[in-house]
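**Student:** With the sequences and hints as input, model every part of the structure.
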Amino acid sequence: MRKQLFDRLATALSRHFGVFLIGGAGLTGIAALVLILFPIRIETRVMDLVPADEPSAQEFNDIVRQYASASQIIVGIKGGDRQQKIAFARALKERAHEATYTDPNGQEQPYVKRVTIGADTDFIAEHGLLLTKKRDLENFDELFADLRLVPLLTAYNDFFEREYIEDSASVTEREKEDRAINGLKGVVRWLEGIELAGRGDQALPEYVDQVTDLLSIGDPYIFSEDDQLMLVMVQPAISFDQMEETMDGVRALRDGVVADILTQPSAGGSSRRFADLNVTMTGMPVLALEEGEVAAEDMGASSLIALVLVLALFVLAFRMWTAPLLAVLNLVLGIFWTTGVVALVFGRLNLLTAMFAVILIGLGIDFAIHLNAAFSTARSEGKDLKGSLLAMFHHAGAGVLTGALTTSAAFFALALTGLDALVELGVTLGVGILLTLLSSMTVLPAMYALHVRVSDRLFKRNPRAPKPVRLTFPVLADLGALIGRRPWLVLIAFLLITAGLGTAMKDAAFQPDMLEIEPPDMPSVVLHREVLERFEIHPDYAMFTEKELDTTRTAVKRLKKNRLVGRVDAITEYVPSVKEQQRRLPLVNKMGDRMRGVITSAAPGTPTEAPPAVQSSVSAAEAEQLLSELERLQMNVQEMGQLAFTSVKKRLKRACDRLTGGEDPRFSRILALKNRLAQSDTLSTAVGTYQRHYLPRLAQKLARMANPTPITVDSLPAKIRERYLSDEGSNLVTIYAAVDLWHEGKTELFLSATKKASDRVTGTAVLVDRLIALIGSKGLMATFLALGTVFIILLIDFRHLGYAVLGMVPLLAGFTWMMGLFVLLGKKFDVINVEAIPLILGIGIDDAVHVLHSIRRQGIGQLPNVLRHTGRALLLTSLTTGIAFGAIAFSAHIGMAGMGQLLVLGVASCFLSSVVLLPALMRIFIKDKPSNEQGGTR
Amino acid sequence: MKSSQLRRTTIICVLAGLLAAPAVMAQSATEILQKVDEVGRAETSRIAFSQQVKTPGGDTRSFKIIGLTGDGGAKGLSEYVSPNQVRGMKILTLNEGDDIWVFFPRTNRTRKIASSARNRRVQGSDFTYDDMASGKLAKHWNGRVAGQEKINGKQCHKLEVTPTPSGPRSYSKAIIWVDTSSYTVPRIEYFDTDGDKIKRLTLEDYRSIAGVQIPHRYAMTNLTDGGHTTMTATKVEVNIKLNARVFTEAALGR
Numbered sequence: 001m002r003k004q005l006f007d008r009l010a011t012a013l014s015r016h017f018g019v020f021l022i023g024g025a026g027l028t029g030i031a032a033l034v035l036i037l038f039p040i041r042i043e044t045r046v047m048d049l050v051p052a053d054e055p056s057a058q059e060f061n062d063i064v065r066q067y068a069s070a071s072q073i074i075v076g077i078k079g080g081d082r083q084q085k086i087a088f089a090r091a092l093k094e095r096a097h098e099a100t101y102t103d104p105n106g107q108e109q110p111y112v113k114r115v116t117i118g119a120d121t122d123f124i125a126e127h128g129l130l131l132t133k134k135r136d137l138e139n140f141d142e143l144f145a146d147l148r149l150v151p152l153l154t155a156y157n158d159f160f161e162r163e164y165i166e167d168s169a170s171v172t173e174r175e176k177e178d179r180a181i182n183g184l185k186g187v188v189r190w191l192e193g194i195e196l197a198g199r200g201d202q203a204l205p206e207y208v209d210q211v212t213d214l215l216s217i218g219d220p221y222i223f224s225e226d227d228q229l230m231l232v233m234v235q236p237a238i239s240f241d242q243m244e245e246t247m248d249g250v251r252a253l254r255d256g257v258v259a260d261i262l263t264q265p266s267a268g269g270s271s272r273r274f275a276d277l278n279v280t281m282t283g284m285p286v287l288a289l290e291e292g293e294v295a296a297e298d299m300g301a302s303s304l305i306a307l308v309l310v311l312a313l314f315v316l317a318f319r320m321w322t323a324p325l326l327a328v329l330n331l332v333l334g335i336f337w338t339t340g341v342v343a344l345v346f347g348r349l350n351l352l353t354a355m356f357a358v359i360l361i362g363l364g365i366d367f368a369i370h371l372n373a374a375f376s377t378a379r380s381e382g383k384d385l386k387g388s389l390l391a392m393f394h395h396a397g398a399g400v401l402t403g404a405l406t407t408s409a410a411f412f413a414l415a416l417t418g419l420d421a422l423v424e425l426g427v428t429l430g431v432g433i434l435l436t437l438l439s440s441m442t443v444l445p446a447m448y449a450l451h452v453r454v455s456d457r458l459f460k461r462n463p464r465a466p467k468p469v470r471l472t473f474p475v476l477a478d479l480g481a482l483i484g485r486r487p488w489l490v491l492i493a494f495l496l497i498t499a500g501l502g503t504a505m506k507d508a509a510f511q512p513d514m515l516e517i518e519p520p521d522m523p524s525v526v527l528h529r530e531v532l533e534r535f536e537i538h539p540d541y542a543m544f545t546e547k548e549l550d551t552t553r554t555a556v557k558r559l560k561k562n563r564l565v566g567r568v569d570a571i572t573e574y575v576p577s578v579k580e581q582q583r584r585l586p587l588v589n590k591m592g593d594r595m596r597g598v599i600t601s602a603a604p605g606t607p608t609e610a611p612p613a614v615q616s617s618v619s620a621a622e623a624e625q626l627l628s629e630l631e632r633l634q635m636n637v638q639e640m641g642q643l644a645f646t647s648v649k650k651r652l653k654r655a656c657d658r659l660t661g662g663e664d665p666r667f668s669r670i671l672a673l674k675n676r677l678a679q680s681d682t683l684s685t686a687v688g689t690y691q692r693h694y695l696p697r698l699a700q701k702l703a704r705m706a707n708p709t710p711i712t713v714d715s716l717p718a719k720i721r722e723r724y725l726s727d728e729g730s731n732l733v734t735i736y737a738a739v740d741l742w743h744e745g746k747t748e749l750f751l752s753a754t755k756k757a758s759d760r761v762t763g764t765a766v767l768v769d770r771l772i773a774l775i776g777s778k779g780l781m782a783t784f785l786a787l788g789t790v791f792i793i794l795l796i797d798f799r800h801l802g803y804a805v806l807g808m809v810p811l812l813a814g815f816t817w818m819m820g821l822f823v824l825l826g827k828k829f830d831v832i833n834v835e836a837i838p839l840i841l842g843i844g845i846d847d848a849v850h851v852l853h854s855i856r857r858q859g860i861g862q863l864p865n866v867l868r869h870t871g872r873a874l875l876l877t878s879l880t881t882g883i884a885f886g887a888i889a890f891s892a893h894i895g896m897a898g899m900g901q902l903l904v905l906g907v908a909s910c911f912l913s914s915v916v917l918l919p920a921l922m923r924i925f926i927k928d929k930p931s932n933e934q935g936g937t938r
Numbered sequence: 001m002k003s004s005q006l007r008r009t010t011i012i013c014v015l016a017g018l019l020a021a022p023a024v025m026a027q028s029a030t031e032i033l034q035k036v037d038e039v040g041r042a043e044t045s046r047i048a049f050s051q052q053v054k055t056p057g058g059d060t061r062s063f064k065i066i067g068l069t070g071d072g073g074a075k076g077l078s079e080y081v082s083p084n085q086v087r088g089m090k091i092l093t094l095n096e097g098d099d100i101w102v103f104f105p106r107t108n109r110t111r112k113i114a115s116s117a118r119n120r121r122v123q124g125s126d127f128t129y130d131d132m133a134s135g136k137l138a139k140h141w142n143g144r145v146a147g148q149e150k151i152n153g154k155q156c157h158k159l160e161v162t163p164t165p166s167g168p169r170s171y172s173k174a175i176i177w178v179d180t181s182s183y184t185v186p187r188i189e190y191f192d193t194d195g196d197k198i199k200r201l202t203l204e205d206y207r208s209i210a211g212v213q214i215p216h217r218y219a220m221t222n223l224t225d226g227g228h229t230t231m232t233a234t235k236v237e238v239n240i241k242l243n244a245r246v247f248t249e250a251a252l253g254r
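Sequences listed follow chains A and B, in order. Read in my numbering, the first sequence has 642 at position 642, and its numbers run on one by one without any break. Read in my numbering, the second sequence has 226 at position 226, and its numbers run on one by one without any break.
Take these hints with a grain of salt, some might be off.
Across the chosen pairs, the derived CB separations fall in these ranges [claimed, not checked]:
| id | chain 1 | residue 1 | chain 2 | residue 2 | range |
| --- | --- | --- | --- | --- | --- |
| 1 | A | 712 | B | 250 | 50 to 60 Å |
| 2 | B | 197 | A | 613 | 55 to 65 Å |
| 3 | B | 182 | A | 752 | 34 to 44 Å |
| 4 | B | 112 | A | 585 | 30 to 40 Å |
| 5 | A | 500 | B | 60 | 33 to 43 Å |
| 6 | B | 217 | A | 296 | 51 to 61 Å |
| 7 | B | 197 | A | 664 | 43 to 53 Å |
| 8 | B | 112 | A | 664 | 55 to 65 Å |
| 9 | A | 82 | B | 246 | 46 to 56 Å |
Quick caveat, the hints were computed from the structure, so don't treat them as lab data. Backbone N, C-alpha and C fix where the C-beta goes; we use that ideal spot for every residue, glycine too.
**Tutor:** Here it is in C-alpha cells:
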C-alpha cells in the first residue's frame, strides 16, 4: 500500500509539480490569513502553564481581576544618596500618568492608577496612635513624656533596654525587628541634627521635618536598612489579565517615563540629574514583559542560528547549494503552517511551545537530508525526473514516513496527559512534524522537479552529476567490524557505562525555585533577589480573600507568629477591632492632651513654637548627661547587636554594627558623634537651639497622630480601601515569606501555615507548588505514554515482538545516558527542562528503527556496511538535530537552555546506543539471515 | 459447696484477679516521670557542648557553650565560649527559669530578662527558656499513659501529658516517650494552645556518667517553620563540687 502511494505520488509530482507548488503556496496563504485574523500571543509566564481550571488558578485569576493591587509593580531605586532617590521617586509619581496603553478601541489610556512612594503615611500621621498596640502605646507614653533632648534620649535608652535587651527574645518577631531597625536609624539621625543646629545650618528646618517624621511615624519611605535600595509601588489601572494592554503599559512606563526621568538634565544642564541612579522594576507584569522579550529574542536567535548551522552542515555534507536552500525553504513552510494551526487551536505559544520552531528545524531537516540523498543519487545514476522521484520515495520514503509517524505519535501521546501545557506541547510538535512531513513529501519534491526542469533547460539535458557525500566517517565501518567480532565485549562495556550513569541518576535534583530558571541577568529577576536579600521578603506570595474582618484579624495574628512569614498585608492593619480601639483610646487621649499642651498649635502645617520651658541653651550638667547617654546608647546598641547575632537576625545585626562599628568601636557613628560633641565649645547652645526647633514639630506630629476618631472601613482613604476591598466587600490578605521558599522543604511548611489561615489560599507560591506537583505526575504519565506509543508503533512496523523489544533497548539505554550525564554535569531538572524527557523518547527511537531496518535488510553479517551507510546517515541527522537543539541550549532562559542541553545529550546518547548497543545485541541474538525488507537509505 | 458453685466462685475470682492485675502492675504517668527524674537526676553538672542553630531561612550559627547546673537543675548558668562575637556572654537562670539574667562582656553589664520571656526563644534557638529550665518532669507535667510504642527499636511508654501550674507556659500538651527499661526519654513532642504539634525534641546517645543517664545529643525541630537546633555534649561531669556563688547575679561579671 505504501509502495502504491509512493508510486502515485511520484507520478503526480513528475507530471503536475506545479499543482503541488500552488497547493503549498495556497496552504501558506491560508496560514498567513489565519495569523492575521488570529494573531498568536506569546505567554511565557510560568503561571501560564498552570491549568486554568485548577481551583487555585481560578481563585488567583479572580483576585487579579478584582484587586489591581495583586499585580503591583515594584520600582527599585539604587545608587546616589537618599535624597536623590526620594527626588526620583517624586518625579516618577508626577509623571507616571504619561505611561499609557492602547485600549481595544484604539484610545490611549493611562496605565498607572497610583504611585506610592512610601508607606501610607498620611493615614498613619493622622491615626498612628490608635493603630498602635496597647503595650506599645504604654511604651510611647513613657518615651514621649518629656520631649527635651536629654530626657528624650534617656527615655530612648530606657526603652531600648526594656524592649530590645531585657525582652530580647521578642525581637525574633519580625515586626519588632523592623521597629528596632527603624527606631535606631531614627534616633541616631535625630541626634546628628545637634551639629546642624550648632552650625546654624540653613537646612535645619527640612532636617527637623524629616527626623520628627522618623521619630513619630517612622521612615515615611520604603528603604532598606542601609538606605541603599528604595522601593516605590506602582498600582496599574488595569488588571493583569488584560495581558496585551498590560504589556503596552509596562513598556511605556519602563522605556518611556522611567528612562526619560533618568536622562533629565540637572539644574545647570551640564549633566544628568539622576546620573548616579540605577532604576529597575519588578512584579508580575514586569516579569511577564521581560520573560516575553527574552523568549522572543531567544526564539528568533535560536531559530536563525539553528537554520544557518544546519544549512552549513548540509552544504558541507552534500557539497551543493540548491538542495540545502530548498530544504530550508521546506522547513520554513512547515514551521509557518504549524504556526497557523497553533494560532487557530491555542491562540498562544507558552514557555514550552515557544521553542517549537527550533525543534522542528532539528527534526524536519532530517527528512530533507534523506530525500535529497536518494534523489541526488538517482539523478547521478542518470534517471529521469519520474525515475528519480520513484527512487527517492522507494529508498527514503518509508524510513522518513515511519520515523515521522513514530515521533509525532509519541508527541501526540503527551496530549493524553490532560495538562494544558503538555497538551499544547504535544499537539504543536505532533502537528509540526506531520506538516513538515507533508511539505517534505509534496512541496519539496515539487521544488526538486522545478529545479530539474529549469536546469535541464539551462544545461540542455546534460544534468550535472552530484558530488558524492564528503563526510564519510570510516570509523563507523571499523566500529561495525569490532561489534561483529566482539559483540559480548562491546555489550558488557556499554552496559557497565550505562549502569554507572544509571547510578548517577539517583543524585538527580529538582529545582523548584522559578527564579532560578529565569534568565539570571533579567533586571526584574535581579531586583527580585535584592528585595529578598535586603528586606527578607520573598517575592512569591500566598493570598486569600475573607468576608469578615474579625476572621481576617485572627488569621493575620496567627500568620505573623510564624517565622516563615515575612509580611502580612491586610486591611485589618489599618482597622483595629472596636474593642482594641476602645482599649487604646484612653492612652491616645492622654498623649494627645499632653502634646497639645506643649505647643501653641496642633494643626498640621501651621507654625508652632516651643514652650518657654524649653530653653535655648541647656546647662553644663545636662550637656554632660547627653554625652553619658550617648555612651549608654552605644552600649545598648552593642548589646542589641550581640543578641541579634545569637538570634541570627542579620538585618538588625547589620543595622547595629553600622551604628556601633561592630567589632571595632573606632568606626562607631554614635561614639564619633559623642566625641565631636564633647569637643564642641557651643554644645549647650547647640542642644538648646536644636530642641527648640524639633520639639514643637515633634509634639505637633504626635498630637496629630493622637486622633481619637474611631477608625472604620468607611473612614479609610479610598487608596487603602481599593487596595484591599473588592466590590463585593471581600478583603484581600497577601502573605509574603521571609525566607527562600523553594529550598529545604520550606514551601510545604509555608503553604501549610497559610492553608491554616484559609483553605482557599492561592498566589504564586501556591500555583508554582501545584505546577510542580502536576508536572511531576503528568510528566511521568507523559513519559510512559510516549514509551507505550513508541512500542506499539514498533510492533506495527516490525510485526515482531522481539524486534519491537530490541528497538526499545537502545532507547532506554540512551535515556539512561542522557539522565545520568545531565546529573553528572551538575544540572538540575526543573518544570521546563523536564519536558525534554518524553520528547527524547519520540525523537531517539528513530535511530534504532533505522538500524533495525537496515540490519534486517542487509543481514547481521554486513554490520560494517550497515554502519558505514546507515550509521553515517544517522550521524548526519543526529548532528543536524543536535545543532538545532544546541541553539536552544544557549538560551538566556535557564529552563529553556536546560531543555536544549537535555535534548542534545539525548540525541547523542540515542545515536550511540543505536549504533553500538543495538548492533551488539542483534549480533548476539539474531541469526545471520537478511530479510526481504525494502526500505530507506539509512 | 456444690461443685457448680465452687466452679462459679473460682471463675469469678480468676476474672476479678485478671481485671485487677493491670491496675496493680501498671505504672501511672506520674510514677513513670518520677522514675525518669530519678535516673537522670544530678545535683550538679558541668557540660561543655556545641550548639548549632539553623533558622527557617537556612542560616546557621554555631556556638560553643559551657553549661553548669545546680540544685538538681533548678539553677543554670551558660557561658558562650565561641565565636568571638559572643565570647563571655552568660545566661543565668534561677528558680527553674523564673528569673533570668544575661551578662554582656563587651559592655560589662548584666540585664535581667523579662519574666514574660519564659515562653520565648533562647537566643534565636528553637528552645524556649521553658525548655531550657531544668527541673523535674514529674513536677511540671502530668497526664496518662496512652500506650506503648517502639522508638528507635526500643519499647517505650507513651505518655500524654499537660503542664501543671508550675509547668511550661508555651505548650498545651506534650507526648513523652519513656524507654520502658532504662527510663530514659528518647523523644518529646510539644503542642500549642490550638492543639497543633509544633516542636519535636529528640534526645540521643544516652551515657551513664557517674550513674546518671545523660543524653549527649539534643535536637529540637520546629515543625511549623523548619527551624532546627542541636546541642551536642563534648564533655560531661556530674555531681561535682560547684560553688553556690557561681549561680548569683553578682558573680556574672567576674
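**Student:** Could you run down the list of hints and mark each one as holding or not?
**Tutor:** Status of the hints after comparison with the structure:
1. A/712 with B/250: 50 to 60 Å: Holds, since residue 712 of chain A and residue 250 of chain B (Cβ atoms, about 55 Å apart) stay within the stated range.
2. B/197 with A/613: 55 to 65 Å: holds, 59 Å
3. B/182 with A/752: 34 to 44 Å: holds, 35 Å
4. B/112 with A/585: 30 to 40 Å: Because 32 Å falls inside the window, the suggested range holds.
5. A/500 with B/60: 33 to 43 Å: holds, 34 Å
6. B/217 with A/296: 51 to 61 Å: holds, 56 Å
7. B/197 with A/664: 43 to 53 Å: holds, 45 Å
8. B/112 with A/664: 55 to 65 Å: violated, 29 Å
9. A/82 with B/246: 46 to 56 Å: Since the Cβ atoms of residue 82 of chain A and residue 246 of chain B sit about 50 Å apart, the hinted range of 46 to 56 Å holds.
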